[in-house]
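**Student:** Sequence:
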Amino acid sequence: MLSKKTKYGLKALTFLAQQKDKAPVQIAEIANAENISQKFLETILLSLRKTGFLGSKKGKGGGYYLIKDPAEIQMTAVMRVLEGPISMVPCVSLNFYEKCSDCPDEATCGVHKLMLQVRDSNLEVYRNTSLADLIA
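Quick note: to get my numbering, add 2 to the position in the sequence shown (first position is 1).
Since the hints were derived computationally from the structure, they do not count as laboratory data.
Some hints could be false.
[To be verified] Think about it this way: if two alpha-carbon atoms lie no more than 25 angstroms apart in a straight line, the pair counts; the simulated BS3-like pairs of lysine-lysine are:
| id | residue 1 | residue 2 |
| --- | --- | --- |
| 1 | Lys24 | Lys41 |
| 2 | Lys24 | Lys59 |
| 3 | Lys60 | Lys13 |
| 4 | Lys52 | Lys41 |
| 5 | Lys59 | Lys13 |
| 6 | Lys41 | Lys59 |
[As the list claims (entries may be wrong)] Using C-beta positions, here's what the derived DEER-type ranges look like:
| id | residue 1 | residue 2 | range |
| --- | --- | --- | --- |
| 7 | Leu48 | Pro92 | 22 to 28 angstroms |
| 8 | Leu118 | Lys60 | 42 to 48 angstroms |
| 9 | Glu85 | Lys24 | 24 to 30 angstroms |
| 10 | Asp104 | Lys60 | 45 to 51 angstroms |
| 11 | Ser95 | Leu48 | 23 to 29 angstroms |
| 12 | Lys22 | Leu116 | 40 to 46 angstroms |
| 13 | Leu48 | Lys24 | 16 to 22 angstroms |
| 14 | Glu74 | Asp122 | 21 to 27 angstroms |
| 15 | Thr16 | Glu108 | 36 to 42 angstroms |
| 16 | Ala138 | Pro106 | 46 to 52 angstroms |
| 17 | Leu48 | Leu4 | 37 to 43 angstroms |
All figures in this text were calculated on a predicted structure; none of them were measured in a lab.
The C-beta atom is built at its ideal place from N, Cα and C for all residues, glycine as well.
Modelling step: build the complete structure from the supplied sequences, incorporating the hints.
**Tutor:** In structure tokens:
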């Protein structure tokens with residue numbers, strides 16, 4: 003299940019991508035428009051800023067804004083920042099691989115085979131979806 007952090011992060015990114023002038027938007031405006039706790043949103047936006055998706059401006063007229071064009075922001079990167087590993091079990095993770103302690107042989111493990119398919123299907127969707135696709 004998608005975490006609230008990821009859901010709200012996607013909603014905030016989509017909101018920012020829909021801004022016509024790309025000017026900074028205050029956290030309160032995003033929180034009100036998307037019905038998100040302002041405090042929670044603050045931590046999410048900070049994470050997105052630290053990982054290079056957003057820029058921020060302090061003071062009057064300040065807020066958060068997209069650094070890149072929405073078409074350049076792939077969902078694989080966003081999901082990994084907000085949600086963590088894309089795979090549901092560590093033994094099929096591309097970036098966070100770990101052998102499962104309860105599995106003697108990945109090659110014959112039915113769970114491993116199924117989760118490889120799930121991971122690959124999810125990656126296919128995320129790799130072929132940009133932030134621009136979410137606002138079109």
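**Student:** It remains to establish, for every hint, whether it holds in the given structure.
**Tutor:** Results for each hint:
Distance restraint check for Lys24 and Lys41: the Cα-Cα separation of roughly 23 angstroms lies within the 25 angstroms cut-off, and the hinted pair is therefore satisfied. Annotation: proposed proximity of Lys24 to Lys59 holds, straight-line Cα distance about 12 angstroms (limit 25 angstroms). A threshold of 25 angstroms between alpha carbons decides the hint, and for Lys60 with Lys13 the separation of about 22 angstroms falls inside it, so the pair holds. In summary, the hint linking Lys52 to Lys41 is supported, as the alpha carbons are separated by about 17 angstroms, within the 25 angstroms threshold.
Between the alpha carbons of Lys59 and Lys13 the distance comes to roughly 20 angstroms, so the proposed pair stays at or under 25 angstroms and holds. In summary, the hint linking Lys41 to Lys59 is supported, as the alpha carbons are separated by about 18 angstroms, within the 25 angstroms threshold. Taking the beta carbon of each, Leu48 and Pro92 are about 27 angstroms apart, inside 22 to 28 angstroms as hinted. Between Leu118 and Lys60 the beta carbon distance is about 46 angstroms. The supplied range of 42 to 48 angstroms therefore holds.
Under the hint 24 to 30 angstroms, the C-beta atoms of Glu85 and Lys24, about 26 angstroms apart, fit the expected range. Between Asp104 and Lys60 the Cβ separation comes to about 50 angstroms, which falls inside the hinted range of 45 to 51 angstroms. Restraint check, Ser95 to Leu48: a C-beta distance of roughly 25 angstroms satisfies the suggested window 23 to 29 angstroms. Our hint of 40 to 46 angstroms for Lys22 and Leu116 holds, since their Cβ atoms are close to 44 angstroms apart.
Taking the beta carbon of each, Leu48 and Lys24 are about 20 angstroms apart, inside 16 to 22 angstroms as hinted. Against the hinted window of 21 to 27 angstroms, the Cβ-Cβ separation of Glu74 and Asp122 comes to about 23 angstroms, which satisfies the hint. Between Thr16 and Glu108 the beta carbon distance is about 37 angstroms. The supplied range of 36 to 42 angstroms therefore holds. A beta carbon spacing of about 47 angstroms between Ala138 and Pro106 agrees with the range 46 to 52 angstroms that was offered as a hint.
One distance hint, 37 to 43 angstroms for the beta-carbon pair Leu48 and Leu4, is violated here, with the actual separation near 20 angstroms.
Consistency with the previously given hints fails for number 17 only.
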